[in-house]
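Protein chains: 2
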Amino acid sequence: MKHQTLCKKLANQIEKNTKHLIGTKKASKTIKIGADGKPTKKIDLIAEKTAINYLSNKNIQLITEETGLHRFGKPQHTIILDPIDGTYNATNNIPLYSTSIAIADKKLKQIKYGYIKNLNNGDTYKSDGKTSKHNNQKITVSNTQNLKNASISYYGYNKKQRQQKERLNEKVHRIRTLGCISLEMCYVASGKLDAFIDTRGAGSTDIAAASIIIKGAGGKFQPIPQKFPTKHVKKQIKTIATNKTIHKEIQKTINQ
Amino acid sequence: MKHQTLCKKLANQIEKNTKHLIGTKKASKTIKIGADGKPTKKIDLIAEKTAINYLSNKNIQLITEETGLHRFGKPQHTIILDPIDGTYNATNNIPLYSTSIAIADKKLKQIKYGYIKNLNNGDTYKSDGKTSKHNNQKITVSNTQNLKNASISYYGYNKKQRQQKERLNEKVHRIRTLGCISLEMCYVASGKLDAFIDTRGAGSTDIAAASIIIKGAGGKFQPIPQKFPTKHVKKQIKTIATNKTIHKEIQKTINQ
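Line by line, the protein sequences are chains W and Y.
Per the numbering used here, the very first residue in the first sequence carries number 1; after that it's consecutive.
Per the numbering used here, the very first residue in the second sequence carries number 1; after that it's consecutive.
With the rest of the complex left out, here is chain W (with noise of 0.2 Å):
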């Protein structure tokens, strides 16, 4: 099966199979802690056996937010799985939250193909590292070239990391946090923003879809310190997802 169709069926399956939790309080109970060390709510477990189960017939190796690592029959590709990011936005139907894809070669050294699926609206990202596209329109980064006219997403809670916020602020125009990172980074591909900073980290579930697709819109996508892709989804990637153009500037006022 090509990529593009199976990333589409699976993206598909999920959203049926969870339409009727968002924006409901059963959604959100947590039912255990999750492989990547965080709380699994009812509908990221419902949406990751949906995954499991339309993957399980397949040859297929699949990494996933809630239960780690899989090996379906013989593998020839890795699958890395966030079935439902924006947790929070989904169980509150706060209209950004998505099914994240990404398709690695088995020995999870590349991403050969990216899809983002927002589940509220519809609307698809996708990428083979060449083209990225937006419903099936082609997708580039943003012209923005000085950070006081960049428009940037950010997520940091500790200290320091607030503090590196506090620096940027002095400097861009303006500033969002959506709950929703796949979708931010996808805004950073398709120049609805101008960069995309996480620096408490997020699991390879997370980013590996975004990463691919922003590279193939023209952007640069910046994975520190750590391997990347990892099948290790506790594994914190503090990530700078930029239109390449400002990256640098951000790097230096962020390492200040």
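Just so you know, the hints here were simulated from the structure itself, not pulled from any lab data.
Certain hints may be false.
[Stated by the list, open to error] Derived SDA-like pairs: lysine to any residue, alpha-carbon spacing no greater than 20 Å straight-line:
{"no.": "1", "chain 1": "W", "residue 1": "K25", "chain 2": "Y", "residue 2": "R174"}
{"no.": "2", "chain 1": "Y", "residue 1": "K38", "chain 2": "W", "residue 2": "I175"}
{"no.": "3", "chain 1": "W", "residue 1": "K159", "chain 2": "Y", "residue 2": "N158"}
{"no.": "4", "chain 1": "Y", "residue 1": "K160", "chain 2": "W", "residue 2": "Q164"}
{"no.": "5", "chain 1": "W", "residue 1": "K148", "chain 2": "W", "residue 2": "N255"}
{"no.": "6", "chain 1": "W", "residue 1": "K148", "chain 2": "W", "residue 2": "K252"}
[To be verified] Some chain W residues flagged as far from chain Y (calculated, every beta-carbon gap over 12 Å):
{"no.": "7", "residue": "K29"}
{"no.": "8", "residue": "K42"}
{"no.": "9", "residue": "S56"}
{"no.": "10", "residue": "N59"}
{"no.": "11", "residue": "G129"}
{"no.": "12", "residue": "K215"}
{"no.": "13", "residue": "K227"}
[Unchecked claim] According to the in silico footprint, chain W covers these stretches of chain Y (three or more CB under 8 Å from chain W):
{"no.": "14", "segment": "86 to 95"}
{"no.": "15", "segment": "163 to 175"}
Here a beta-carbon is modelled for each residue, glycine too, at the ideal position from N, C-alpha and C.
Please arrange chain Y on chain W, whose structure you already have, making use of the hints.
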């Protein structure tokens, strides 16, 4: 005409006349400086012209973000209108942008009715001050009792405001900045967020409808320290809106 019918028809007209501009570059072209002292984008101007055209044969006073005060016929009511709230999101097709409509008495003593529509997905929030509804279902604020469990939305740009945010950051669970304050206040009214704080200040047109939607949902809306509502759209009104329970603790943390 009933308040609800008027609001619904007005929002639908604006939606219809701006749909072709969503996510386009020309939508964000600056046309002039608005009555609120901020740049008026093409999409804002078209939305506002639509509203003026629709209301001009009615007995109504209109206060609107871009062109200020209008009187049509013999006004019995005042409409306080932000035709497009979240212009940046709208011009970039980030799915959080709205029309915000409040109906007050002629002398602007009291807001009688509020109506906010997410123009991307059609979600509506409305209130007569007694009952608030989301898509015709009654809503209430969250029952979150402690800041450590709170998800809040925050706006503040200058150094002092960012220090206030920093103090909140140390206490709350989650901070978001979604770029559409009328919807973010509706999220407080419907328990999706626990508080909304804007220490920059927003115009009456941005917060009037949301203020009554929050009150009707059992929350607390506090404009600081300006007269509210006001016909002077340049006046920046600082706002704290919460589920009521955590109001004092938020106030205290900000004013420390």
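Of the hints stated earlier, which fail here? none
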